Amino acid sequence: MSSKDLSETIKSVLSDEDDVRTATAPYQAEFPYERDEEAQVTRREFCNFLGLTSAALFVGAAGFAAKAAIDARESVSHPAAAIAGAETLAPNTSLNFSYPTERDSAILVRAIDGSYHAYGQKCTHLSCPVYYSREHHQLECPCHEGAFDAATGNVLYGPPPRALDAIELEVRDGQVWAIGRNASEPNRG
Amino acid sequence: MKPLDRRTKTGQTAVWQARLIMLVMINIAQLWILAATVDAALARHYSVLAPLVVASGVCFVITVSIIKWWRPTSRRKTSTGYVREDR
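Protein sequences, first through last, are from chains G and P. In terms of numbering that gives the first Met the number 0, the first sequence opens at residue 0 and continues consecutively. In terms of numbering that gives the first Met the number 0, the second sequence opens at residue 0 and continues consecutively.
Just chain G, with the same shape it has in the complex (with noise of 0.2 Å):
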């Protein structure tokens, strides 16, 4: 580029200036502030910047870390609950129902052999609901095709990264019962 090209490129921005603030005129008048030294970051005050970032994002880590590792000492112990016509159930198929609160769904299975198994209805990869599959003896989900093994309720294939939920389950004269809510592991042994 010629000099007298970037004579007149640098004349054409300024004018552009120009015209901005003969526009902006009227607003300077009722918020007047210094226009150079608003558009002037110094390098030193973003690296400053960068730094406070840098320990705001510390601390939060720390804080999330710190509330999980004081929740994990709280232990919750549900209420019992009795889960409703499982009694009934026919091996190789599953009930739905809710524990500990309402808003918990939980998948009641009943196996080939007629041993139970109970675990939350949550899927670990994006909480779709999970379905027991009478074909493949196992717990699917429809969202992205993951699996689950009916009997420990592990990871079989997909994208859930960890095992479902389980729920303790007693069975006390004949009715089914829940008695405890285990949140998931990597994959259990």
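Hints are computed from structural coordinates only; laboratory data are not their basis. Mixed in with the good hints, there may be bad ones.
Stated by the list, open to error - Taking CB as the label site, the calculated pair distances span: (1) P/68 to G/157: 24 to 30 Å; (2) P/63 to G/65: 20 to 26 Å; (3) G/113 to P/47: 37 to 43 Å; (4) P/63 to G/132: 50 to 56 Å; (5) P/23 to G/90: 56 to 62 Å; (6) G/39 to P/63: 24 to 30 Å; (7) P/79 to G/24: 27 to 33 Å.
This structure is a prediction, so every number in the text was calculated from the model and none was measured. The beta-carbon is built from N, C-alpha and C at its ideal position, and this holds for glycine as well.
Given the coordinates of chain G, assemble chain P onto it according to the supplied hints.
Then chain P, alone, in the frame of chain G:
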């Protein structure tokens, strides 16, 4: 104080740019670490929380060291107090 020559100013600019780039990269890494920490905390994966917090702390320490101790080499006095001779 002697006015800075062109090479000195170019060197200072390079150091400042390097600092900014490194700080931005470290901030982005800390954002990832924070997202992983939140995910692990909500999923109750307590075993990975400590390493994540340590990693974030290391990033913060590196950030502080870059801000506090990195200096353009053209300055007459170094961060350790050594006084260079005039050219």
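We went through each hint and held it up to the structure:
Separation of residue 68 of chain P from residue 157 of chain G is about 49 Å and departs from the stated range, judged on CB atoms against 24 to 30 Å. Hint check: residue 63 of chain P to residue 65 of chain G, Cβ distance near 21 Å, so the stated range 20 to 26 Å holds. Distance hint check for residue 113 of chain G and residue 47 of chain P: the Cβ-Cβ separation is about 38 Å, which falls inside the suggested range of 37 to 43 Å. Roughly 54 Å separates the CB atoms of residue 63 of chain P and residue 132 of chain G, a value that falls within the hinted 50 to 56 Å.
For residue 23 of chain P and residue 90 of chain G, the hinted distance range of 56 to 62 Å is satisfied, since their beta carbons lie about 60 Å from each other. For the hinted restraint 24 to 30 Å between residue 39 of chain G and residue 63 of chain P, the CB-CB distance of approximately 25 Å keeps it satisfied. Residue 79 of chain P and residue 24 of chain G have their C-beta atoms about 53 Å apart, which leaves the hinted 27 to 33 Å range violated.
Consistency with the previously given hints fails for numbers 1 and 7, ordered from lowest to highest.
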